[in-house]
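Each chain is listed here by its residues.
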Amino acid sequence: SQQGEEDPQALSIQEGENATMNCSYKTSINNLQWYRQNSGRGLVHLILIRSNEREKHSGRLRVTLDTSKKSSSLLITASRAADTASYFCATDRGSSNTGKLIFGQGTTLQVKP
Amino acid sequence: ETGVTQTPRHLVMGMTNKKSLKCEQHLGHNAMYWYKQSAKKPLELMFVYNFKEQTENNSVPSRFSPECPNSSHLFLHLHTLQPEDSALYLCASSLATGTSGNEQFFGPGTRLTVL
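Protein sequence lines, in the order shown, are assigned to chains A and B. Counting from 2, one number per residue, gives the positions in the first sequence under our numbering. Counting from 161, one number per residue, gives the positions in the second sequence under our numbering.
Calculated directly from the structure, the hints in this document are not laboratory data. Treat the numbers as computed from the prediction; the structure is a model and nothing was measured. Hints are not guaranteed to be accurate.
Said to hold, decoys possible - Ranges of calculated distance between the beta carbons of each label pair, as one might list FRET restraints:
| id | chain 1 | residue 1 | chain 2 | residue 2 | range |
| --- | --- | --- | --- | --- | --- |
| 1 | A | 16 | B | 225 | 41 to 51 Å |
| 2 | B | 204 | A | 29 | 16 to 26 Å |
| 3 | A | 68 | B | 223 | 32 to 42 Å |
| 4 | B | 244 | A | 59 | 15 to 25 Å |
| 5 | A | 59 | B | 242 | 35 to 45 Å |
| 6 | A | 27 | B | 237 | 32 to 42 Å |
| 7 | B | 178 | A | 79 | 44 to 54 Å |
| 8 | A | 82 | B | 170 | 24 to 34 Å |
| 9 | A | 27 | B | 177 | 31 to 41 Å |
Claimed, not checked - Per the computed footprint, the stretches of chain A lying under chain B, defined by three or more beta-carbons under 8 Å from a beta-carbon of chain B, are:
| id | region |
| --- | --- |
| 10 | 14-26 |
| 11 | 57-64 |
The beta-carbon is built from N, C-alpha and C at its ideal position, and this holds for glycine as well.
Turn these sequences into a full structure, and let the hints steer you where they fit.
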C-alpha cells in the first residue's frame, strides 16, 4: 500500500500567492523528504525533516511534520511561475534504513504569471 | 546539473530488442538506485546498490537486469520488454544506504518506449 499520499493532486494559483501541499504516511519514519520534478525530468531534493523535528525552513520553503498524525506539509511562499512543477514527499522508514524511499503520487502545482 | 547523468535520454525499442541504460554519478556516492516512473503512478523503486552490492530488488521482472561495476556506474540491461514497460527510468545516488538523512540525487531520466 502507498506510504506517502499527497493532497491536493493538483493545485493552481497566481504568482505571489502561497501554495500548501500535504502528505500523509502510514508507518514510522526516520525522516521525510520533499522533492520537485519539472515535467519529464529528474527529481530535485528540496528539504529533509527528521522525525524529531517539527518545522524546517529553507528560503521560501517551510515544512512541518506531525508524527502523531503521520502527516507533513510543504508551504511555498510568494510563489513564482518557475515553481510550476510536481512535488513529491518521500519517507525513509524506521528501523531497516536500507536507503529505500517511498514516494507519494505527488501534487502538480501550476503557478500562473 | 545534479551530478548524475543518464544515457540515452530517449529510447525506442521493439519487444525483441536488447538495450542498456547507463547511469554515472560524479558525486563520490556509494549507493545507486533505479526507479521506474509511469504515468499516473508513484515513483517505483526497482533496485538499490550499496558499495556495488545489490541490497534491494523490489520484485522486478527478470527482463530487467541491473549491473553495478563500481560505485560510480550503474546499468540497466533490458531484453524482451513489454509495452507496459514504457516509462521514465530514473537513476539516483546517495552517500550510502544506512546513513542518516538519505538525500538522493537524481539523473534526468531515460524516456523508454516499447513498441
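How the hints compare with the structure:
A C-beta distance of roughly 46 Å is found between residue 16/A and residue 225/B, which places it inside the suggested range of 41 to 51 Å. For the hinted restraint 16 to 26 Å between residue 204/B and residue 29/A, the CB-CB distance of approximately 22 Å keeps it satisfied. Distance hint for residue 68/A and residue 223/B: a CB-CB separation of about 40 Å, consistent with the stated range 32 to 42 Å. Checked against the hint of 15 to 25 Å, the pair residue 244/B and residue 59/A fails, with Cβ atoms roughly 38 Å apart.
The beta-carbon spacing between residue 59/A and residue 242/B, approximately 41 Å, falls within the hinted interval of 35 to 45 Å. A hinted range of 32 to 42 Å for the beta carbons of residue 27/A and residue 237/B is consistent with their spacing of about 34 Å. A beta carbon spacing of about 50 Å between residue 178/B and residue 79/A agrees with the range 44 to 54 Å that was offered as a hint. Roughly 27 Å separates the CB atoms of residue 82/A and residue 170/B, a value that falls within the hinted 24 to 34 Å.
Take residue 27/A and residue 177/B: their Cβ atoms lie about 39 Å apart, and the range 31 to 41 Å holds. Note: the region 14-26 of chain A has 0 residues with beta-carbon separation from chain B under 8 Å; the three-residue rule is not met and the coverage is violated. Counting residues of the region 57-64 of chain A whose CB falls under 8 Å from any CB of chain B gives 0; the rule of at least 3 is not met.
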